[in-house]
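K.L.:
These protein sequence lines are chains X and D, in that order.
Taking my numbering, the leading residue of the first sequence gets 2, the next gets one more, and so forth.
Taking my numbering, the leading residue of the second sequence gets 3, the next gets one more, and so forth.
No lab work stands behind these hints: they were computed from the structure.
Keep in mind it's a predicted model, so treat the numbers as computed, not measured.
A few of these clues could be false.
As the list claims (entries may be wrong) - Derived EDC-like pairs (lysine to aspartate or glutamate); straight-line CA-CA distance at most 20 Å:
id, chain 1, residue 1, chain 2, residue 2
1, X, Lys18, D, Glu95
2, D, Lys233, D, Glu279
3, X, Lys18, D, Asp129
4, D, Lys74, X, Glu123
5, X, Lys18, D, Glu279
To be verified - Partial chain X-side listing against chain D, Cβ under 7 Å, derived:
id, residue
6, Lys4
7, Thr7
8, Thr117
9, Gly150
10, Thr151
11, Ile154
Cβ coordinates follow ideal geometry from the N, Cα and C atoms, glycine included.
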Amino acid sequence: MNKIKTIIRKEWAQVFKNRLVLSTVLFMPLLFTAIPLGMLYATRGTGSSDLSSDMPPQFAAACPEGLTGSECFQVYIVNQFMVLFMMTPLIIPVNIAAYSVVGEKTTRSLEPLLATPITTAELLIGKNMAAAIPAVLATWAGFLLYVLGTWIIVPSPRVVIALLDPMWWLAVFVAGPLLAILSVNFALMVSSRVNEPRVAEQLSAVVILPLLALFFGQIAGLFLINRQLVILFALVIAALDTLMVYLAVRLFQRETILTRWR
Amino acid sequence: MMIQTQDLTKHFGETLAVKGLNLEVAEGEVFGFLGPNGAGKTTTVRMLTSLIAPTSGSAVVNGFTIGKDDKKIRQTVGILTESPGMYENLSAEYNLQIYANLYEVKDVGGQVEKYLRMLGLWERRFDEAGTFSKGMKQKLAIARALLHEPRILFLDEPTAGLDPEAAHLVRDFIEELRKEGRTIFLCTHNLDEADRLCDRIGVFKTHLLVVDSPANLRTQVFGRKVVFHLKHVESAYLDLLRGMTFIKEARAVDDKLVATLDDPEGQNPEIIRSLVEAGAEIRFVGELRHSLEDVYLQLVKNTQ
């Protein structure tokens, strides 16, 4: 456990000296928190007019009881952007993991590191946690800021309850960490096969595509994110995580990395 | 024995990197591993430090078998890799603290301070390793390799790319380690360095060509040569030497006679006596010492 802690501390000491990574960790959650709060602020004065005709019928049907048409529309609009909270744990780790693994190669620090009695599992767990923890914490901090902002901006308790549906708590606090693990291991896997941190970042960014599909699919009215979908999504990500961890460990071959990484 | 290998072999696909290496290195010995680029020296070091697995054969390092006790081997050996590989944006002190923790050193602070002071880096301990000169980085990497007090140290080109002063400091430090009784496996291209530091030398090019002490290697390859500096060289003196059965070869170079023989200490008096009796005026007698470079080049050339 001490070795894992040492790796985590080392990664953070190194990675957070990189301004690009640091700004990603700080700026992205703030941006992704500001967007739904901005939407809430912009739609707060819609009054009691019936805007339900502007929503997909499945949302209008699923609109929480007791909400007026305009309140329902407000919840619908803000919900479109809640997927952003699931993007943070995907994007931040890609930056950190791609830098931390390929960075070891570019500075030629991997050989002395592998020459220590650290096991591959300890090394990968350390790198995983070093990349995932800041992403998850930044996401949670952003979400909690959103919760606070919602209480301040929205006057109606009915709307607040609808906005802070347990579905989003599940998405942020359960699916978020799972997405971070997926992202880190995908980045580790890619990093084991490329030589440039930028290439690793770009290739690793592919992992965000399914979430973008979810985001735009909902905006296009193709489907509606609901509790069942979030639970299913979390289960699929958990299964993918298992596969990714397995692949990342398999691909992180000490010998291959030492003899082919030049 | 601290290192013992038996038919140690490594293939990378179709490429044979190390072929049937049989080697023994005793405790406290400084063993020089010489060979041209691509000879398989680094591959051998990586196998002996359990970084990569051999294709066949076996090796025991510090009593542990590679492939079986890899973690224990990594725990008990120190390695200076070809490139220092420090974390450039972290301080020198923190670089060492990381490795002291990974090597499970009990007194992290004490060991870090000991080696930073020993290598003259204590005053710069808070500076980022990236701001260090190449020589300082190399010293920091040596400190890193010693934090856990390994009994065996693998040094891969410890003075490569260093200026003469830094190289001298590193060599002095290796001398110190030798005095402490540590076993040192030294890969180097610097033949003068190998000559000065090593008890024995192995010349390697995919397979081991020869292993012996630098002095014995010279004798093996070139024999022992004695130079007689005379006031004037005459053909009669040369004929005199050539007539002596124990002299293998004799030749004249300017005002010198060069004789190849097995036992200069025992045979020189007779040669000197004979030359003086023949009228030669001897000014100076000395042994012609071939450089290790000559020996190395001759050995490598013989394999081509």
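K.L.:
Would you check the hint for Lys74 of chain D and Glu123 of chain X, treating anything up to 20 Å between C-alpha atoms as holding?
P.N.:
16 Å, holds
K.L.:
Are the Cα atoms of Lys233 of chain D and Glu279 of chain D separated by 20 Å or less?
P.N.:
15 Å, holds
K.L.:
Does Thr117 of chain X pass the interface check with chain D, least Cβ-Cβ distance below 7 Å?
P.N.:
4 Å, holds
K.L.:
Less than 7 Å between beta-carbons is the criterion; does Thr7 of chain X satisfy it with respect to chain D?
P.N.:
4 Å, holds
K.L.:
Against chain D, with CB atoms and a cut of 7 Å, does the hint on Gly150 of chain X hold up?
P.N.:
At about 36 Å, which exceeds the 7 Å cut-off, the nearest Cβ of chain D leaves the hint on Gly150 of chain X violated.
K.L.:
Are Lys4 of chain X and chain D close enough, Cβ to Cβ, to be under 7 Å, as the hint says?
P.N.:
6 Å, holds
K.L.:
How about Thr151 of chain X: closest beta carbon in chain D under 7 Å, or not?
P.N.:
40 Å, violated
K.L.:
Is the hint on Ile154 of chain X kept, meaning its closest Cβ partner in chain D is under 7 Å away?
P.N.:
41 Å, violated
K.L.:
Are Lys18 of chain X and Glu279 of chain D close enough, with their CA atoms no more than 20 Å apart?
P.N.:
82 Å, violated
K.L.:
Would the hint linking Lys18 of chain X and Asp129 of chain D be met if the CA-CA limit is 20 Å?
P.N.:
Between Lys18 of chain X and Asp129 of chain D the Cα gap is close to 14 Å, so the pair holds against 20 Å.
K.L.:
Run the distance test for Lys18 of chain X versus Glu95 of chain D: straight-line Cα separation, threshold 20 Å.
P.N.:
17 Å, holds
The earlier numbered hints that this structure contradicts are 5, 9, 10, 11.
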